[in-house]
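Engineer: Okay, here's what each chain looks like letter by letter:
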Amino acid sequence: MDVKIPEGLWADDNEGIISTWLYADGDQIAEGAVVAELMVEKVTHDLVAEGSGILKICVSEESPVKPGMIVAKLK
Amino acid sequence: MTIDTDTSENSLVSAAPTRRLTIAKAMTEAIAQEMRADSSIIVLGEDVGKLGGVFATTQGLFAEFGPDRVCDTPISESAFIGAAVGMATSGMRPIVEMMFVDFFGVCMNSIYNVAAKNCYFSGGSQPVPMVLMTSVGGGYSDGGEHSQVLYGTFAHLPGMKVVIPSNAYDAKGLMSAAINDANPVIFMFHKALQGMGWLGTVRGSITDVPIERYEVPIGQAAMIREGADITLVGLGITVHHALEAASELQEKGISAEVIDLRTVVPLDRDRLVQSIRKTGRLIVVDDDYQSFGVASEIMALASELAFKHLRSAPARVAHPDVPIPFSPVLERHLLPSSAKIVAAAEKMIRN
Numbered sequence: 001m002d003v004k005i006p007e008g009l010w011a012d013d014n015e016g017i018i019s020t021w022l023y024a025d026g027d028q029i030a031e032g033a034v035v036a037e038l039m040v041e042k043v044t045h046d047l048v049a050e051g052s053g054i055l056k057i058c059v060s061e062e063s064p065v066k067p068g069m070i071v072a073k074l075k
Numbered sequence: 076m077t078i079d080t081d082t083s084e085n086s087l088v089s090a091a092p093t094r095r096l097t098i099a100k101a102m103t104e105a106i107a108q109e110m111r112a113d114s115s116i117i118v119l120g121e122d123v124g125k126l127g128g129v130f131a132t133t134q135g136l137f138a139e140f141g142p143d144r145v146c147d148t149p150i151s152e153s154a155f156i157g158a159a160v161g162m163a164t165s166g167m168r169p170i171v172e173m174m175f176v177d178f179f180g181v182c183m184n185s186i187y188n189v190a191a192k193n194c195y196f197s198g199g200s201q202p203v204p205m206v207l208m209t210s211v212g213g214g215y216s217d218g219g220e221h222s223q224v225l226y227g228t229f230a231h232l233p234g235m236k237v238v239i240p241s242n243a244y245d246a247k248g249l250m251s252a253a254i255n256d257a258n259p260v261i262f263m264f265h266k267a268l269q270g271m272g273w274l275g276t277v278r279g280s281i282t283d284v285p286i287e288r289y290e291v292p293i294g295q296a297a298m299i300r301e302g303a304d305i306t307l308v309g310l311g312i313t314v315h316h317a318l319e320a321a322s323e324l325q326e327k328g329i330s331a332e333v334i335d336l337r338t339v340v341p342l343d344r345d346r347l348v349q350s351i352r353k354t355g356r357l358i359v360v361d362d363d364y365q366s367f368g369v370a371s372e373i374m375a376l377a378s379e380l381a382f383k384h385l386r387s388a389p390a391r392v393a394h395p396d397v398p399i400p401f402s403p404v405l406e407r408h409l410l411p412s413s414a415k416i417v418a419a420a421e422k423m424i425r426n
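Protein sequences appear in the order of chains A and B.
For the first sequence, this note's numbering begins at 1 and goes up steadily by one.
For the second sequence, this note's numbering begins at 76 and goes up steadily by one.
Derived from the structure by calculation, the hints contain no laboratory data.
Treat the numbers as computed from the prediction; the structure is a model and nothing was measured.
You may find that some hints are simply not true.
[Claimed, not checked] Residues on chain A that point at chain B, a partial pick, calculated with CB under 8 Å:
| no. | residue |
| --- | --- |
| 1 | ALA11 |
| 2 | ASN14 |
| 3 | SER19 |
| 4 | LEU22 |
| 5 | TYR23 |
| 6 | VAL34 |
| 7 | GLU37 |
| 8 | GLY51 |
| 9 | LYS56 |
| 10 | SER60 |
The beta carbon of each residue, even a glycine, is placed where N, CA and C say it ideally should be.
So here's chain A without its partners, still in its complex pose (with noise of 0.2 Å):
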């Protein structure tokens, strides 16, 4: 399964960064645990995953990312 930044998260045009990886690949994750915080223009968003599984990171932090990006896998 996918974790992907939801659309309309925020206005589609502004990038945002991930600032905060709360989890590790490799780490069990439980379905509506936030696994990292964004920041777009000074204002956090969680990330919450919609499943369960095993974490595996795609997008690292710092890295800039957008509504409807996938940024890791739920194994």
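Place chain B on chain A using the hints.
Structural biologist: Relative to chain A, chain B alone:
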């Protein structure tokens, strides 16, 4: 962004069996829970309102509690910290944020001559139950007036408690304890442990945090890694340097015990002495200036209370007695690191 994790509206978060928080969020959650329980608690400081704090310590509080209880102040520490001291002496419980500890110079009279002493001056009839939370620490090239920690400066002056968490669990528990303490508490948080991204993120500072309210008692250090050959004492970020060093030392056959101070004042002398007597060797890791500080105090403690047990002279890994440089190369060279701790430990044990 939601901080309101203990109410049913926020089902996504509270449904999670485990929940990991950064220190910033853990602090905010503690403040929110205490504010719900006690209407005399208010928050004030620069950018603590709509912005939620430049180090994300008050995210969401303005939306929940409104401008009467979460107040943005002008850029005048002497005014708003003085105001907080006045509020605390007249029945309120203010939490005031000083954005950088380095700014204490303009408001220190309110802190050390009034907040710290008023309880004594009034024969105990007028305590000052305030929390002054403030960011500390360098490592990101912000120059000499935005990078200090100044643990020793505040610890030296009697009448204030001083705490600094190394992880989110302790941050939440210490914040609740600080808010409910009758004394002024200086709550320091290290910028590199806030989980802000642009300040670097130390993995070990992000921990599982209970949703319900709890306290970590002020005045208790924690032994977070057991060892037999040497005691490494750290606080805030240097705890993480010490843990990294302990892992490296283990590969070299040296068993290091790691103590996280958690509270600087009152210092947990019992816990420290117990460990120093056991291992006979002590290195204090302190990102404050080397002389006249927390490291010096703990070394003095070792000679006063554990002298006969010492197998070698205690040592410290600290910032040399010069202002913290802006240059990243120079700053990195001067700040404590795990490599410096490993080198100091090997030298101590070889001798």
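Engineer: A separate judgement is required for each hint: does it hold in the structure or not?
Structural biologist: Verification of the supplied hints:
1. ALA11: violated, 15 Å
2. ASN14: Result: violated, 15 Å to nearest chain B Cβ.
3. SER19: Holds - the Cβ of SER19/A comes within 8 Å of chain B, reaching about 3 Å at its closest.
4. LEU22: holds, 4 Å
5. TYR23: holds, 7 Å
6. VAL34: holds, 6 Å
7. GLU37: holds, 7 Å
8. GLY51: Given a least distance of 12 Å, the restraint on GLY51/A is violated.
9. LYS56: It is violated, given that the least Cβ distance between LYS56/A and chain B is near 17 Å, above 8 Å.
10. SER60: It is violated, given that the least Cβ distance between SER60/A and chain B is near 11 Å, above 8 Å.
This entry does not satisfy hints 1, 2, 8, 9 and 10, going by the numbered hints stated previously.
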